[in-house]
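Turn these sequences into a full structure, and let the hints guide you.
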Amino acid sequence: MSWIAYGLRGGILTTHYPHGDDAMPPDYRGEIEVVGANREHARRAAASCLSRAIAVENDLHVDVLRCFQCGECARIAPDVFQNRNHFELARLSEAPKTTIDALRERTRAFGRSVHIRHVDAGSDGSEEQELTAIFNPFYDANRLGVFLTASPRHADLLMVSGVVTRPMEEPLRRTYAAMPEPKTVIALGTSACSGGIFIGSQDVVGPVSAVIPVDVLIPGMPPSPLTILHGIWAALGRVLTRSASQ
Amino acid sequence: MIGPTSAAAKAGELIRAGARLVWIFAERMDSDIILHYVVEDDRLHDLAGPMLGLTRALTPRVPAADWYEREIAERFHVAFVDFPEHRPLTNVVPAEELRAVSSPEASTVLYGPVRSGIVESARWIVETAGEDFIDVHPSMFFKHRGLEERFKTASIELAPFVAEHASGATASSHAAAFSRAAERAMGIEVPDRARATRAVLVELERIHQHLDSLAHLADDASLSVGSAQLFAAKERIHRILCDATGNRYARGVICVGGTRFDALDPLRETCGRDLEQAEHHARTSMHRLINTQSFMDRLIGTGRIPHEKVVQLGGVGPVARGSGVACDVRTRDGYLFTPLAAEEALEHNGDATARTLVRVAEIQRSFQLVRSTLDANPTGAHLAAFESKDGAAIARVESPQGELLYFVRIENGALARVAVRSASYANWPLFVPSLPGNIFTDFSFIEHSFGAIQSEVDR
Numbered sequence: 001m002s003w004i005a006y007g008l009r010g011g012i013l014t015t016h017y018p019h020g021d022d023a024m025p026p027d028y029r030g031e032i033e034v035v036g037a038n039r040e041h042a043r044r045a046a047a048s049c050l051s052r053a054i055a056v057e058n059d060l061h062v063d064v065l066r067c068f069q070c071g072e073c074a075r076i077a078p079d080v081f082q083n084r085n086h087f088e089l090a091r092l093s094e095a096p097k098t099t100i101d102a103l104r105e106r107t108r109a110f111g112r113s114v115h116i117r118h119v120d121a122g123s124d125g126s127e128e129q130e131l132t133a134i135f136n137p138f139y140d141a142n143r144l145g146v147f148l149t150a151s152p153r154h155a156d157l158l159m160v161s162g163v164v165t166r167p168m169e170e171p172l173r174r175t176y177a178a179m180p181e182p183k184t185v186i187a188l189g190t191s192a193c194s195g196g197i198f199i200g201s202q203d204v205v206g207p208v209s210a211v212i213p214v215d216v217l218i219p220g221m222p223p224s225p226l227t228i229l230h231g232i233w234a235a236l237g238r239v240l241t242r243s244a245s246q
Numbered sequence: 001m002i003g004p005t006s007a008a009a010k011a012g013e014l015i016r017a018g019a020r021l022v023w024i025f026a027e028r029m030d031s032d033i034i035l036h037y038v039v040e041d042d043r044l045h046d047l048a049g050p051m052l053g054l055t056r057a058l059t060p061r062v063p064a065a066d067w068y069e070r071e072i073a074e075r076f077h078v079a080f081v082d083f084p085e086h087r088p089l090t091n092v093v094p095a096e097e098l099r100a101v102s103s104p105e106a107s108t109v110l111y112g113p114v115r116s117g118i119v120e121s122a123r124w125i126v127e128t129a130g131e132d133f134i135d136v137h138p139s140m141f142f143k144h145r146g147l148e149e150r151f152k153t154a155s156i157e158l159a160p161f162v163a164e165h166a167s168g169a170t171a172s173s174h175a176a177a178f179s180r181a182a183e184r185a186m187g188i189e190v191p192d193r194a195r196a197t198r199a200v201l202v203e204l205e206r207i208h209q210h211l212d213s214l215a216h217l218a219d220d221a222s223l224s225v226g227s228a229q230l231f232a233a234k235e236r237i238h239r240i241l242c243d244a245t246g247n248r249y250a251r252g253v254i255c256v257g258g259t260r261f262d263a264l265d266p267l268r269e270t271c272g273r274d275l276e277q278a279e280h281h282a283r284t285s286m287h288r289l290i291n292t293q294s295f296m297d298r299l300i301g302t303g304r305i306p307h308e309k310v311v312q313l314g315g316v317g318p319v320a321r322g323s324g325v326a327c328d329v330r331t332r333d334g335y336l337f338t339p340l341a342a343e344e345a346l347e348h349n350g351d352a353t354a355r356t357l358v359r360v361a362e363i364q365r366s367f368q369l370v371r372s373t374l375d376a377n378p379t380g381a382h383l384a385a386f387e388s389k390d391g392a393a394i395a396r397v398e399s400p401q402g403e404l405l406y407f408v409r410i411e412n413g414a415l416a417r418v419a420v421r422s423a424s425y426a427n428w429p430l431f432v433p434s435l436p437g438n439i440f441t442d443f444s445f446i447e448h449s450f451g452a453i454q455s456e457v458d459r
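Listed in order, the protein sequences are those of chains S and P.
Going left to right, the first sequence walks through residues 1 to 246 as our numbering numbers them.
Going left to right, the second sequence walks through residues 1 to 459 as our numbering numbers them.
Keep in mind that the hints were calculated from the coordinates and are not lab data.
No residue lacks a Cβ here, since even glycine has one placed at the ideal position from N, Cα and C.
Residues from chain P shown here face chain S by an in silico Cβ test under 10 Å; the list is partial:
| hint | residue |
| --- | --- |
| 1 | E120 |
| 2 | F141 |
| 3 | H165 |
| 4 | L223 |
| 5 | Y249 |
In structure tokens, the structure reads:
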């Protein structure tokens, strides 16, 4: 039996997302929702948050761009914080301000095909594996016209994973500069979005937005393939996403 | 603790008598720098002593010491006596200084740190005369994030999350190795149920990482369907983990004292439902792969590392086992749960084929181990309560890439020093002798047959 026959015998595995619905398992730690107001409990949970994603004073909320999905707050204070299996976590950048219309306008020229260039600025290695996974038969990003390209000269989207380390600052700038206009930048993973647990570390410059302008942020440690598809779809101006402040 | 230079001398003595150099690392204590020489004969020795003015380098006699001594010299700003001249290991050298070559016919190619495809950042300085590799120098630590420093501001309870950032794709191995070191330092007995859970998570991790390596190799050979099927089999493992633990890489499960929640019942349920299908998918596609002649032709003889080189440079994991060096931590060390039967998956050709066959055998064995551990289903608590206590210890785990070690020192209830020796770090020096004699298009085959993770090297 040939490889092709073997592949066909496996049947269709591919999701319809984003054209149809898909879901993560019920216990997936996607996003933390604030369900209570007990400040005392919230403070105790906030003390156990390594990336300081929980703001307790004034408006009690969890910054999804800082959250690395450990679920510790929901274990310590389940009356205040609950895990939700949401995966549509991508956000549009607030500063500089991006809108879904502007992204759609910018990417109109790409037609039905978009080419992604990836740069690792200091990831933990799992973001790369999840980005690779969007091309596996379960997600098949090619069906959406999404392709990888080896050269920044051919790239429409720049996907940057990881917190930016000092030695990677310059290579990242140069890759960005080598891309033709119009260009869109996606920060992949919590560390890329906000610095995650490395905020303030002497060895890092900061999140991707500290080095080049970012349009779309995809949080998660690592973001699931569905979350990455959601972010790419947003970068193409196809789905409405919440902005970073919401 | 032993005297000034005698730690190095004692280590040298044990190595001459046949012991293996496992690791050298340093820690700062008050104004002293303490060097730890970790060597293994029939057991693991941690020989520690303060570094004074005159500590002789081990590297001239023990090549495996090279990267360790270079990293210590650069990070702690100290000098070893008799240390050979080198390009810096951890400090990134500007590109224009790297053009020098060993012969006028050769040219130098800087490959990286940004490379094509979805890869982690690292740079290779390749000397070549057209197609053939003459020499290659790794230039790494572009991704150094200060991970070991980050531990110092994390509590012992939260520190496993930091360990998971060392390598997110092998998070369970890192969390388990860190937790075991901390548990040893504080004298904590971990309940059987937690040990079983850890063993299942680390074996599932081995399966998805080995499948990742095989899928990349298939892709290198332009075997699109093969690559797609192997990545699909990998995806099935991530889905099992996500169903059972809430994270596709099982992050946030393992902690000091056991596991954060009881993950064994969910694992039994999801594995009972989906493991057989995942195993079938993995087994059929990898058997098809190793029976595809056009694929195997690309691997045979590619990136060969002789047995002696592996021993000399201290290789570990599937890379070492492909060259016939037995080194599986699971066969020793009072392992996580059920120890592996004494025999290891060994191959003797030392090429990319051998490393691939080792991985294929290990995937099958890991499925068996997952099943037998889940069947054992030890009852009891998933977490041991503990009070923090001062102490220091080393522990190791067989991660998918090989032997992974953590050193943990706890002082006044806080983490004073955490050091990591990853398998990928131990194996990169072997990449250098594996290249000459091969041609440029072999590079990605050799790289993927190593299956290294750059973030656990650079930390």
